[in-house]
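Enquirer: Please work from the sequences and hints to get the whole structure.
In order, the protein sequence lines correspond to chains A and B. Going by the numbering used here, 80 is the number at position 80 of the first sequence; the sequence numbering is gapless. Going by the numbering used here, 169 is the number at position 169 of the second sequence; the sequence numbering is gapless.
Calculated from the structure, these hints are not laboratory results. From a predicted model like this one, the values you see are computed outputs, not experimental measurements. All C-beta atoms in this analysis are idealised placements derived from N, C-alpha and C, irrespective of residue type, glycine included. Incorrect hints may appear among the rest.
To be verified - Derived coverage of chain A by chain B (criterion: at least 3 residues anywhere in the stretch with Cβ under 8 Å from a Cβ of chain B; other residues may be distant):
(1) 53-61
(2) 86-93
(3) 97-108
(4) 124-137
Claimed, not checked - A few chain B positions that, by computed beta-carbon distances, are all more than 12 Å from chain A:
(5) 35
(6) 44
(7) 195
(8) 267
To be verified - Straight-line C-alpha distance at most 27 Å; calculated DSS-like pairs for lysine-lysine:
(9) 113/A x 137/A
(10) 49/A x 16/A
(11) 53/A x 137/B
(12) 53/B x 113/A
(13) 49/B x 113/A
(14) 53/A x 53/B
(15) 16/B x 49/B
(16) 53/A x 16/A
(17) 16/B x 53/B
(18) 137/B x 113/B
(19) 49/A x 113/B
(20) 137/A x 53/B
Number of protein chains: 2
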Amino acid sequence: MGKRPKNNPEPIGLRKLAEHLGLNPATVSVVLNDVPGRSIPQATRDRIKAAAKELNYQPSHLARSLRNRRTLTIGVLVPELGDGYHTQVMSGIGDHLMEAGYFYFTAHHRHRKNLIEEYSQMLLGRGAEALISIDTKLEHGFPVPVVAVAGHNQIPGITNIVLDHRLAAELTLTHLHSLGHRQIAFMRGQSFSSDSQERWQSIVEVAGEIGIEIRPELTVQLARDITSPELGYPVMQQLLSGGKKFTALVAFNDQSAIGAIRALQDLG
Amino acid sequence: MGKRPKNNPEPIGLRKLAEHLGLNPATVSVVLNDVPGRSIPQATRDRIKAAAKELNYQPSHLARSLRNRRTLTIGVLVPELGDGYHTQVMSGIGDHLMEAGYFYFTAHHRHRKNLIEEYSQMLLGRGAEALISIDTKLEHGFPVPVVAVAGHNQIPGITNIVLDHRLAAELTLTHLHSLGHRQIAFMRGQSFSSDSQERWQSIVEVAGEIGIEIRPELTVQLARDITSPELGYPVMQQLLSGGKKFTALVAFNDQSAIGAIRALQDLG
DNA sequence: TTGAAAGCGCTAACAT
DNA sequence: ATGTTAGCGCTTTCAA
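Expert: Structure representation (structure tokens):
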């Protein structure tokens with residue numbers, strides 16, 4: 001419970017560090033930041049860097065951000081943290097951001113309009129220099145650059161990243177077709193997920209082209225807003241209780257597939 | 001690419017807001033923060049709040065944090081963003097944090113020692129008031145409170161949250177046993193995941209108690225550090241190629257299970 | 001009832 | 001080759 005475990009010393013500031021060295025904070029700052037165009041003898045430089053390491057000086061990113069008007073931080077808006085798709089995308093984003101020296105704030109809004117608004121403002125208030133949204137229905141522009149992954153609103157100032165659903169459908173359906181499947185069941189994504197609509201359209205298109213029939217009795221619709229296998233289980237039950245035979249199932253999301261498989265084991 | 005899309009005005013500061021009102025910044029601050037013990041006529045209060053709303057005043061969290069030495073931010077260390085278990089935990093953490101008015105930075109380190117060290121320092125440098133680590137091998141204390149979920153080092157100043165693997169094993173194995181399964185295969189977790197060891201011990205214990213035999217030929221070990229179904233696929237292949245029969249499989253992680261099922265479909 | 005001043009920790013411009 | 005000053009945007013004394 002201790003607020004400051006004693007195995008680690010009180011953090012030291014630039015000021016203390018400077019007076020410890022008998023120097024001016026500015027000089028120290030210049031050296032530690034390798035500011036060019038300032039002639040400082042190597043001896044002094046070394047002395048400063050040594051002391052910084054020794055006293056474990058950690059610059060206050062806060063103060064620095066305030067002064068430089070640069071936070072090196074971006075905000076990420078995501079519907080759900082426990083969802084495989086969202087976090088997969090976040091993971092890639094995170095890699096590149098960290099590599100580029102950026103950090104990120106995450107906020108998850110569960111597709112609730114007011115939270116989307118509230119959190120995006122909070123992210124900006126906390127100094128986010130840009131926003132990345134994933135599967136999130138943004139409704140207006142922002143005073144910073146915004147990139148929307150799987151967002152579908154055309155909004156000035158927002159760059160949309162769209163997936164190639166057409167290609168995905170082709171790969172999926174030709175694969176199943178080549179394996180001989182003709183009776184294919186589908187679990188459509190939830191309506192609140194912004195890609196569901198387009199994805200389904202691509203499936204329908206491609207199915208038509210390669211001669212796979214999409215049967216209403218074999219098409220079910222995910223509805224619940226959860227990320228556990230409970231998502232797919234009841235839907236699969238429904239499919240099985242319909243009595244129609246099928247030899248393959250197309251699902252668009254990990255958890256629904258897991259749930260479906262469980263239902264299959266339990267009932268089929 | 002515009003740095004500041006014009007559909008949103010230049011952010012306004014407390015200073016501007018105050019002079020717009022013909023007041024002192026301090027007064028405005030006091031009113032907007034509902035500081036007690038300051039008598040200000042209701043009229044003025046209203047005037048201020050109205051103007052704040054109107055000009056869309058967003059206080060700079062940066063400046064405020066610097067001044068108050070309070071960032072309302074905590075840092076979360078996690079091995080992998082794309083992993084179901086980690087993000088499930090993060091999701092719960094995120095909910096509570098946001099509800100309590102906190103934000104969080106996330107950093108993922110892929111179990112690499114140097115990154116764990118580097119990122120935890122960065123989180124502190126960015127003003128994290130506490131750290132939460134998930135499945136992360138911390139090696140020393142920090143100048144802030146730390147909670148470790150599924151961490152297994154006893155370190156002064158670090159609070160460990162441990163899972164009840166014993167209970168999990170009981171639930172799992174008695175369930176399978178009651179369904180009549182006797183030939184059970186197991187996919188052990190990767191060695192770098194801190195819970196793998198204890199979890200397996202519990203399984204072994206409980207299996208012994210309820211009379212389930214754990215056969216080496218039916219026990220395989222996950223090794224790869226990935227979060228896709230590729231994790232389980234080859235391991236299941238190995239299991240199948242062994243030729244030993246089994247009627248149930250215990251896996252400890254979503255993706256390995258998905259991979260295993262795919263292998264089963266393809267080969268079995 | 002309100003304003004002025006100081007300062008959180010840092011850095012850029014301007015002296016020395 | 002180094003130091004001084006001012007100020008990022010805010011809040012908290014203290015004075016008017």
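Enquirer: Each hint: holds or not?
Expert: Structure-based check of all given hints:
Counting residues of the region 53-61 of chain A whose C-beta lies closer than 8 Å to any C-beta of chain B gives 4; at least three are required, and the coverage claim holds. Chain B is given as covering the region 86-93 of chain A, and this holds because 4 residues of the stretch bring a CB closer than 8 Å to a CB of that chain, at least three being needed. Taking a C-beta to C-beta cut-off of 8 Å, the region 97-108 of chain A contributes 7 residues in contact with chain B, enough for the three needed, and the coverage statement holds. Check result for the region 124-137 of chain A against chain B: holds, 4 residues qualifying (beta carbon to beta carbon below 8 Å, three or more required).
A cut-off of 12 Å between C-beta atoms confirms that residue 35/B is not in contact with chain A; the least separation is 19 Å. The Cβ of residue 44/B sits about 24 Å from the closest Cβ of chain A, beyond the 12 Å cut-off, so the non-interface label holds. For residue 195/B, the condition that its CB be more than 12 Å from all CB atoms of chain A holds, with the nearest at approximately 18 Å. Against chain A, the non-interface label of residue 267/B holds: every CB pair exceeds 12 Å, the least being about 14 Å.
Of the supplied pair hints, the one linking residue 113/A and residue 137/A holds, its CA atoms being roughly 8 Å apart against a limit of 27 Å. Using a Cα cut-off of 27 Å, the hinted pair residue 49/A and residue 16/A holds, with the two alpha carbons roughly 14 Å apart. Our distance criterion of 27 Å between C-alpha atoms is met by residue 53/A and residue 137/B, whose separation comes to about 24 Å. Simply put, residue 53/B and residue 113/A have alpha-carbon atoms about 20 Å apart, close enough for the 27 Å limit, and the pair holds.
About 24 Å separates the Cα atoms of residue 49/B and residue 113/A, which keeps this hinted pair within 27 Å; it holds. With a CA separation close to 46 Å, the supplied pair residue 53/A and residue 53/B exceeds the 27 Å bound. With a CA separation close to 14 Å, the supplied pair residue 16/B and residue 49/B stays within the 27 Å bound. Proximity of residue 53/A to residue 16/A is assessed by CA-CA distance (about 14 Å); at most 27 Å being required, the pair is judged to hold.
The suggested pairing of residue 16/B with residue 53/B holds, with an alpha-carbon distance near 14 Å, which does not exceed 27 Å. Pair hint residue 137/B plus residue 113/B holds up; C-alpha atoms about 8 Å apart against a cutoff of 27 Å. As the CA atoms of residue 49/A and residue 113/B are separated by approximately 24 Å, the hinted pair is consistent with the 27 Å bound. Using a Cα cut-off of 27 Å, the hinted pair residue 137/A and residue 53/B holds, with the two alpha carbons roughly 24 Å apart.
Violated hints amount to a single one, hint 14; each of the other numbered hints is respected by the structure.
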